[in-house]
Structure formats: C-alpha cells, structure tokens
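Novice: Here are the chains, one letter per residue:
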Amino acid sequence: MGFLGKLNHSFLGFHQRNSSLVSPIDESYRNAVVVLNNAMALFSVRCSESTLAEAQRDSRYDEHENQILDFPGGQVTFTSEMRFISESPEKRTKCYQVLDDNGRPILGTSFQPLSKEFAVRMYSNMVTLQTMDTIFYEAQRQGRISFYVTSNGEEAINIASAAALTFDDVVLPQYREPGVLLWRGFTLQEFANQCFGNKGDNGKGRQMPIHYGSKKLNYFTVSSTIATQLPQAVGAAYSLKMDSKDACVITYFGDGGTSEGDFHAALNFAAVMGAPVIFICRNNGWAISTPTSEQFRSDGIVVRGQAYGVRSIRVDGNDALAVYTAVQTAREMAISEHRPILIEALTYRVGHHSTSDDSTKYRPVDEIEHWRMARDPVTRFRKWVEWNGWWSDEDESELRSSARKQILHAIQVAEKVEKPPLSDLFTDVYDHLPSNLLEQERLLRETIKRHPQDYPPEVPM
Amino acid sequence: MAAILKGIVATSVLSSSSDFVPKGVQLPSLKSLPVSERKGGFLVDGSDAKVVPVSNARARSAGRLVAANAVAAEKSAASTASKTGGHELLLFEALREGLEEEMDRDPRVCVMGEDVGHYGGSYKVTKGLAKKYGDLRVLDTPIAENSFTGMAVGAAMTGLRPIVEGMNMGFLLLAFNQISNNCGMLHYTSGGQFKIPIVIRGPGGVGRQLGAEHSQRLESYFQSIPGIQMVACSTPYNAKGLMKAAIRSENPVILFEHVLLYNLKERIPDEEYVLSLEEAEMVRPGEHVTILTYSRMRYHVMQAAKTLVNKGYDPEVIDIRSLKPFDLYTIGNSVKKTHRVLIVEECMRTGGIGASLTAAINENFHDYLDAPVVCLSSQDVPTPYAGTLEEWTVVQPAQIVTAVEQLCR
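Line order of the protein sequences matches chains A and B.
Letter 388 of the first sequence, counting from 1, is numbered 494 in the numbering used here, and no numbers are missing.
Letter 222 of the second sequence, counting from 1, is numbered 464 in the numbering used here, and no numbers are missing.
Do not rely on the hints blindly, as some may be mistaken.
Which chain A residues face chain B? A few, computed with CB under 8 angstroms, are given here [what the hints assert, rightly or not]: (1) K310; (2) K321; (3) T331; (4) T334; (5) S345; (6) L346; (7) S350; (8) A371; (9) A372; (10) N374; (11) P540; (12) S541; (13) N542.
Heads up, incomplete: computed chain A residues facing chain B, CB under 8 angstroms, no partners named [claimed, not checked]: (14) T272; (15) V276; (16) N308; (17) L323; (18) T327; (19) Q338; (20) G341; (21) A342; (22) Y344; (23) G367; (24) D368; (25) F375; (26) V378; (27) Y536; (28) D537.
Source of the hints: derived by calculation from the structure; they are not laboratory data.
Beta carbons are placed, not taken as given, at the ideal position from N, Cα and C, and that holds for glycine.
Turn these sequences into a full structure, and let the hints steer you where they fit.
Specialist: Now the structure itself:
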C-alpha cells in the first residue's frame, strides 16, 4: 500500500487537508513502505497535502522500466545498482571571480558595472577600514583600548557586500564586519567611542570593544556568541516577510561558525519558511587556530546549501566586484522569490583572530605574508579602479594620510570623553528599573560613599 | 495611602481530581499600593482588574511596570469573577483566549513553536489560531528549540512580538543559549537600542508518569538570567491575565504553565482584564503561618489548608505567581503578620525557587521571623517513571500539614 505525499513548495499557500491514516502493509512490497498511523499524524500534517490511504497499488515505471514510488517528500526512482554517493565530489565547486590578481576583468566575465563615484567610494571605504584596523590594533597594543578584532584581508567582503545592499536591509553580523557599518555611515568617532566604552557609545559602554550596534543603521548589536545570529536573522526575515517589506536580511559568519547547530537549523528554517535572508560565510581558512581541514570535511560551505534546499554560490571573497555582483543578485532573488541564499566567500584571515591571539604560533609566517601582500583585496581593487582612470597615486596618499589623521584624532577625542555614569550599570536590564535593581544600586552607592578612594575617578556617579 | 480592597469571591468548581481543591478558592484582592517606607522600597503597582495610576516618590524614576494598558473593569470591586456573568472555561482555553485577544489587538503578535499551527499545539493552547490568523502568524517550526527561540529574538528586535511555545519546558534547555546570552542581554548590551518583547511559554513540572526528561522544573535554571521576567500561572483566571500582561510587556517574559493544570475549570469575567506580572496572589488570608507556593503546589497547599483548618490552624496562603522578581511587598506584609514561613515548591531542593525565596526572606525579614524558614521541595533526583515513586518526589498535602504543625509548635 502506498499513499500520496507531496512536498509542498509554497509554505505560504499551505492548507491542511484532513489526513486519515492507517494503510495496511502489503506483503508483496519488498521496499520499505511508510505506514501512517495516528501517532505519525503530526509529521504528515505538516508537509503533505493529502495523505488519504489508497485502496489499490500505487506504482509507476519510468522510461527505463525503473520503478517509481511515492514516499513522504515526493517521488523517487528506484535502482537495482547499489551505489553510495561519494563523500566528496570529483571536482570542487567552482568559484566565481571577476577580476584577476592584477585587477583586470577576466575575459568573458559578466559583472555589475559601477560608476566612478561608486567605485571610488567603495575603494575609499576599503582603505579606511584597513587603516582603521591597523591603528586600532596598535592602540590596543599600546594599552589604550583593551581589545580589538581586525578584518585584515576581508575588506572586500565587508565593503562590497554592504555596497550591494540598501539601508533598509537588516544586518546581523558576527564580529568581523565593521566595514558594513562604515559603509552605512557609522563615523570613525563612533567606532572609537565604542572601543573606549565612553559616554558616546550607543551601547553605553556595556560591551567589550568591536561589539558595535546601531539601530539607526539597521545593524544589530554584535553578540560574542558564535552563530546565534543565524536563527535570529531568519526571525528578522520572517518579520520583514510578514510586513511585506522590500528588504532582506543579511547575516555573516565564519567557517568555524558553520559547525554550530544554529547554522544547520537556521538554513533549514530559512528554506522551509522561504525567508529572504542572505547567508554570507566568510571562509577565511581559520577559526582561531583550527584550520578548515579540522573544522569540516565537506567541500567548504557552499555544498551544504543544497542539503537544506538553499540556493548557493561560491565567490572569490578577495574580489570586490565578484562579491558585489553576487550579493546584489542574491538580494534580488531573496526578495522577489522569498528564498534564502547562501554565499561562500573564500578569503584568508590575514590578521590574528583578535588581539588575544598570536597566529604565528599555529601557522607559517610566510603564508600570512603571502596573503597580506600578493593577495590583498584592497590592492587588487585599487588596480582596477586605477586602470579605469579613476584613481591616482596622489589620491592614494591623500586618502591614506587623511584617514590616518581622522582615526588618530577620533581616538584622542574618545580617550578623553567621560565614561557612562554608574546608573547605566542598572538601566536597560528591563524597560524600567525593578525594585531589586534599585536596591542593589542603592547598596552600591552606599559602598562607594564609604570607600571613595577605591572608586575609579573617571566614572561619573 | 495604601488602599487594599479585598474581594472574596467564590469560584465555580474546578476540575475534579483528587489533587485539586474543589471549591472556595479565593481570588486575588485588588491592591493599589505605593512604595513602602521600608528601606529598599519595594514598589508594587498592581491591580488585578483595574487601572490604578500609582504615583509616589519612588515611582518617578522607575516603578514596576503595571499592566498599564489594563482596561478598567466594571465598578464591582473585586470584579475578578462573579457568580453571575462571566464564562466558564478550562485553563488551556483561558490561555488561548488571552492569546487570541492579544493577537486581535496587535497585529505584531505572532506565535511560533512545534506543532502550534495546524495541529493546534500539543496542549491545544493555540488550537484554531492558525486557521484564523494564517500560517505566518502562527508558525510551525522544525525541531530546533535554540533556533526558533533565536528566530523569535531576531523577529522581536525587528519589531514583532513573538510568543515562543516550548512543547515542554524541558526542551527549552536547548534554547538556553539564546535565552541567556541574547534574549536577556541584547537590550542591555545594545544600550537600549533593541528591545526584545518576547514571551516564552510552555508546560513544565511533574506530570503523570512522563519520565525524567519531561518533568523538568526550568524556573530553577532560568531564575538567575538577568533581563528576563518569570511568572507562573495556576488558575484559568491568572493564566489569561498573565498571558496578556506578558505579551504586552516590553521585557522578555517566561510564562511557566503546568502539565497537570491545563484542564482546570473556572468562571472568569467577560470583561477584559490584565494582571500585573510582579504581583503575588493572596489565596487565603490567615494569621498563623505564611505558606508561599506557586503553580501546581498551590492546590496541594489548599488541600492541606483544609486539613489544617479542621485542626484549628489559620494558614495564610500566597501564590507568589511572580518568580522573578519576587513580590516581596506582599510576602513581607504577610511575614510581618504571621512570623512563620513555609515555602512549598515543586523545584528540586538545590538551587530552586524556594532556595532563592528563602534567602530573600531571611535577608529582608529576618527580624520578623519567629522560626527558621521551612522549605518543602522535591528531592534532588531525576523524576522516576514509576507512579508511586513519582508521587513521593512531589510534596504531598500530608507533608505540608506536618510541616505547619511543626512550625507552629
């Protein structure tokens, strides 16, 4: 006995029909036949259009006399050849690239054309990001800030993906995407304020450096936990879908983050729900000291998309134009077709994982240097911009020195700004201060009054 | 300026079961209270069925959130439920009614969880809602608790007001990461930019031979997460009121239901009402001893109360309802009156709600106690499957009677 079970493609248009169930097993069938009974109603109710038991045999044959049978989830063709699908494909998935290492468009390639202003803006942001990273890193080494995370080598992913979006698109970052904020107008002063945890910080000085967040710019506050933003991105997309907004959600994560359970569930949910999310994986080869060879055995991340029913593409993450084109196309698909897209951007983490890490301990220095010099995404894009006649050496030195000056200035200013007041320790835990926190604040103030010499002078009461 | 209105209303018969108190359960009294003069200033603004704007010195900067949108009930003082009027329903229907009213009222309210849509929820709390509001507002999710809780967090940060249903509270252990690290924290760490007005609800507690994994008391684990509120419902009346209050709250709220209480029947008002999330419920005023309890244990306590009354004791029974934060105002007033406290809970002895409550009472009301606080809890064992053993991991009325007798010696 068999029954009808069809995979329902449109979640939105789904209507449940009654399911009645028990189908006795017909002895003549060798193959496993799923028998529906009341306990399994839950499963069938979710996805199938109808699960009426059929009174007669239900089998068909394809043109090669192979038997086709219906199972929950759709029709499958049978084969008498027992063949295991290989654990790895013969060839790795190809990588979309637009510019070669010298910044020249590859023959026959198609990409989204850019205007001079736009290209220069992209390039300036990449340079600013690179400069900002360098100077903040040094500031940490000097003890002026406590912690920093660079995005060296990933400037193209940061800026080009941001450039392909609109400001209505919601961003859920991991922590290596400050470039997206930079593109949207977060000022250098605001970056510095957050790193110094002073009064000007949106987060009121509560988080450690690089945990930026801006509701105004639609950039969700960074949370240190890995991959937790992925299901949240699906939720945000669900919200956009409910409101029928012409916007999508974009979320970033690294190669390491794909091992988390949340990655699996988020892709699965997004596919099932038709959520307009763009999942961008920055596969930079390293999760602190764990190389990708020890993180997973699949052909990178892109192949996993199909496993969840998610359209995916592999892109050269150091090629700004390729990233830009891919993200823009993905955005259109996500919004118009209500589907998630997975983009794996291959790149390399040139810097250390963070200022608490020394990556020379687990990888060769010449490997790092090779990627820093020969494969720098900023240089590559610069060559293309110059080749178009849109940039010159003077522009370059002017931009770099100006950026450097502005960042140094921002740091100097931020260093002097007052820290947030003590009361901010207790606010925003809830929407209003509850009595227990009021009490705890009172106790704290009493303690400070009794021991004023132990209280830091730069924190206002 | 304290005005305490007491309304004693008889309720209709609750569902028959030897565990439950059949009659005479008193409904909560109306209170509108300013902050006390005590040090610490516990602020309870609450009214069960009336909007009471409370203003006083303390309230200016903070104040507990009243269910400020509560619609004023009719003049009948304790119009919580009356013998005539109102309608009778079961607890799970009361939850559904509250949910439906809020979904009607605010299009941003949505529900997500396993089997909540077309199946109607494993305890039928969401039955019929998917048909009425559509697939998108009552969303069936795949089996990944951490992920659909995360999804709710993301949706809330983007402007929706999701309600997450855990099929069983125990499954929400899988969602702990999202609840603790994100749900409770992001309002704070984002500097107040993003708020997360979600409700996480589901049945917990020891059922009838559901096995160890399905008999968890998660309030113990969640209670120290900063940024969340926790409430436990125990009657159809407070279930509906707390559900509505939780949905309207701007903070993440965890609403603890109990597997065995879904079929309790009660008559509740036809008029709209919203309860306060931070208020305890005076179930039975008394003079000799304060018994603090919540959820299912309330019924064990009331059953023991009958026996105690026959023996000449006068216990005051308070259903604390608000597990985080505790309503120390109501509790404090009671302790000051009776000077003896017995806590009856279903949590394990170690690290449960009772443990925290004991500490809070000792810290705040030490001078008013004539005897040490006694806490009756479940043992620190996984809940056994065998019915007789299971029964003995849960505090029984006989133990409560003995404890009161010893306390009042």
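Novice: For each hint, tell me whether it holds in the structure or not.
Specialist: Results of checking the hints against the structure:
no. : hint : result
1   : K310 : holds (4 angstroms)
2   : K321 : holds (4 angstroms)
3   : T331 : holds (5 angstroms)
4   : T334 : holds (6 angstroms)
5   : S345 : holds (4 angstroms)
6   : L346 : holds (7 angstroms)
7   : S350 : violated (10 angstroms)
8   : A371 : holds (3 angstroms)
9   : A372 : holds (6 angstroms)
10  : N374 : holds (6 angstroms)
11  : P540 : holds (5 angstroms)
12  : S541 : holds (5 angstroms)
13  : N542 : holds (5 angstroms)
14  : T272 : violated (15 angstroms)
15  : V276 : holds (6 angstroms)
16  : N308 : holds (5 angstroms)
17  : L323 : violated (10 angstroms)
18  : T327 : holds (4 angstroms)
19  : Q338 : holds (3 angstroms)
20  : G341 : holds (3 angstroms)
21  : A342 : holds (4 angstroms)
22  : Y344 : holds (6 angstroms)
23  : G367 : holds (6 angstroms)
24  : D368 : holds (6 angstroms)
25  : F375 : holds (6 angstroms)
26  : V378 : holds (6 angstroms)
27  : Y536 : holds (5 angstroms)
28  : D537 : holds (4 angstroms)
The structure fails to meet hints 7, 14, 17 from the earlier list, while all remaining hints are met.
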